[in-house]
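Colleague: Just so it is clear: in the sequence shown, position 62 is 62 by our numbering, and no numbers are missing.
Simulated from the structure, these hints should not be mistaken for lab results. Every value quoted in this text rests on a predicted model; they were computed, and no experiment measured them. Among the clues, some could well be false.
[As the list claims (entries may be wrong)] Simulated restraints on C-beta separations:
1) L307 - P228: 43 to 51 Å
2) E269 - L187: 33 to 41 Å
3) V395 - V372: 28 to 36 Å
4) V157 - W14: 16 to 24 Å
5) I186 - N227: 27 to 35 Å
6) N227 - A256: 41 to 49 Å
C-beta atoms are modelled at their ideal positions from N, C-alpha and C, and glycine is treated no differently.
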Amino acid sequence: MGDPNHTLPDRRQWAAFALMMVLVTLWGVGHRFYETLMPQFAQVFALTGLRRPLTDSAYQIVYILGAIPAALTARAFGFKPTILIGLGCICIGAFTFYPAAETQGFDFFLFATMLLAYGWIMLEISVNPMVMELGSSRTAVRRLNLAQAAYPIGSLVGIFTARWLIDSDLALPKEAARYSIAHPYILLGVSVLVLSGAVEHARFPVARKSYRRPTSIGTEFSDLLRNPLYGFAMAAQFANILSMALAWKAADKSFALAFEELSHGELSEVFVFCLVLFGLGRLCATGLMWAMSPERVLEIFAACSVLAALTGAIFGPGAAAVASLAMCFFAGPAWPSILALAVNGLGERIKLAVAPIAMAGALGAVAARFLVDLSTPHVLLVAAAGAAIVFAYAVTIAKRNAGREAPEGDPSIEVVFPDNRRN
Numbered sequence: 001m002g003d004p005n006h007t008l009p010d011r012r013q014w015a016a017f018a019l020m021m022v023l024v025t026l027w028g029v030g031h032r033f034y035e036t037l038m039p040q041f042a043q044v045f046a047l048t049g050l051r052r053p054l055t056d057s058a059y060q061i062v063y064i065l066g067a068i069p070a071a072l073t074a075r076a077f078g079f080k081p082t083i084l085i086g087l088g089c090i091c092i093g094a095f096t097f098y099p100a101a102e103t104q105g106f107d108f109f110l111f112a113t114m115l116l117a118y119g120w121i122m123l124e125i126s127v128n129p130m131v132m133e134l135g136s137s138r139t140a141v142r143r144l145n146l147a148q149a150a151y152p153i154g155s156l157v158g159i160f161t162a163r164w165l166i167d168s169d170l171a172l173p174k175e176a177a178r179y180s181i182a183h184p185y186i187l188l189g190v191s192v193l194v195l196s197g198a199v200e201h202a203r204f205p206v207a208r209k210s211y212r213r214p215t216s217i218g219t220e221f222s223d224l225l226r227n228p229l230y231g232f233a234m235a236a237q238f239a240n241i242l243s244m245a246l247a248w249k250a251a252d253k254s255f256a257l258a259f260e261e262l263s264h265g266e267l268s269e270v271f272v273f274c275l276v277l278f279g280l281g282r283l284c285a286t287g288l289m290w291a292m293s294p295e296r297v298l299e300i301f302a303a304c305s306v307l308a309a310l311t312g313a314i315f316g317p318g319a320a321a322v323a324s325l326a327m328c329f330f331a332g333p334a335w336p337s338i339l340a341l342a343v344n345g346l347g348e349r350i351k352l353a354v355a356p357i358a359m360a361g362a363l364g365a366v367a368a369r370f371l372v373d374l375s376t377p378h379v380l381l382v383a384a385a386g387a388a389i390v391f392a393y394a395v396t397i398a399k400r401n402a403g404r405e406a407p408e409g410d411p412s413i414e415v416v417f418p419d420n421r422r423n
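Assemble the whole structure, with the sequences as input and the hints as a guide.
Modeller: Below is the structure:
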């Protein structure tokens, strides 16, 4: 099995990796539950006035405000406790949807939503670096892309499960119909309880520290922010999420213009198709990373996104529809690749490093909300600019890495599987 101080036993490594993929799938399910059920939320909780934009942006707000506290939790207690705390928040938030439906109280609903969102950001902050630690840093970017390929699968499961549960509740009396919003979350809460038990009994690798940490958290953050490439990664993640959100919105608009005969229900399937293409793009990019460097793959995909967006902006709605779908495919590897290329090799310091990049992505999603009312050509031009920033980041990383091997990680960090389970 090898020396555990230097290599990770394959059986343990892949068991932990599979569990991380399940967690990634889970937050794909949870995210799409929320968006799919939003029309029902609006009816049950009277989401008028400021309530609707607040609930629409709830996840982004929590991601921006909660990323640093989640990273500090991981820094203080480790990946596994942070994952368990996140799952606990998700479980409590999910079950809180039942009293929220019972009372039709907006306060209950907002509390449940915020708690769920904080649980998701805790998973994101802990699971992504954990995946990167499960093996050599030379393959960390590819490994994170493979794990994140489970996200669109979870998103599709979330959409169809929520739809099925809603449809099954249509026969309920009107006074009981409000409980249809709680049923998907009760199912989610039970699933999280089961998964929490699996995480509790799993053994994850930990970083055994042989160096003295900086005297303050501020020192670690200042070291990161003084690195211009790290700042570039934050800008690239902001631009990536902005571009991707606008591409999905452009797909909705352009299909409605190009295919006027489509019903509202048929147009709602455009987003599902976008998710399928997004997942296929991530899988294809992951496969290409076996043949070429991740930054080169990101460079190629980002360049194709720019070309697709410009083509859609110049020509008519039909071209815009095809271009938007192409952008969904080529956006596949961007999010995990930008993150992994920025933090790979940081060792223990990766726990803090992932938070600002997650915040930048959430800010990109917020910015997209202010631009969706632009015309389709203008939306695609902004999306092209975002993809161009991602392309520039990939080119910069490729130039930096030319002629040198991938980082071996922090030399003061020793990754081991401990005998006890408090890891």
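Colleague: Mind checking the hinted window 41 to 49 Å against the Cβ distance between N227 and A256?
Modeller: With Cβ atoms ~44 Å apart, the hint holds.
Colleague: Starting from the hint 27 to 35 Å, judge whether the C-beta atoms of I186 and N227 obey it.
Modeller: The hint (27 to 35 Å, Cβ to Cβ) is violated, given that I186 and N227 are roughly 45 Å apart.
Colleague: Are V395 and V372 spaced within 28 to 36 Å by their CB atoms?
Modeller: 29 Å, holds
Colleague: Between the beta carbons of V157 and W14, is the distance compatible with 16 to 24 Å?
Modeller: Holds, since V157 and W14 (Cβ atoms, about 22 Å apart) stay within the stated range.
Colleague: Lying within 43 to 51 Å: is that true of the beta-carbon distance L307 to P228?
Modeller: 28 Å, violated
Colleague: Could you see if the CB distance from E269 to L187 stays within 33 to 41 Å?
Modeller: Given about 23 Å between the Cβ atoms, the range is violated.
The structure fails to meet hints 1, 2 and 5 from the earlier list, while all remaining hints are met.
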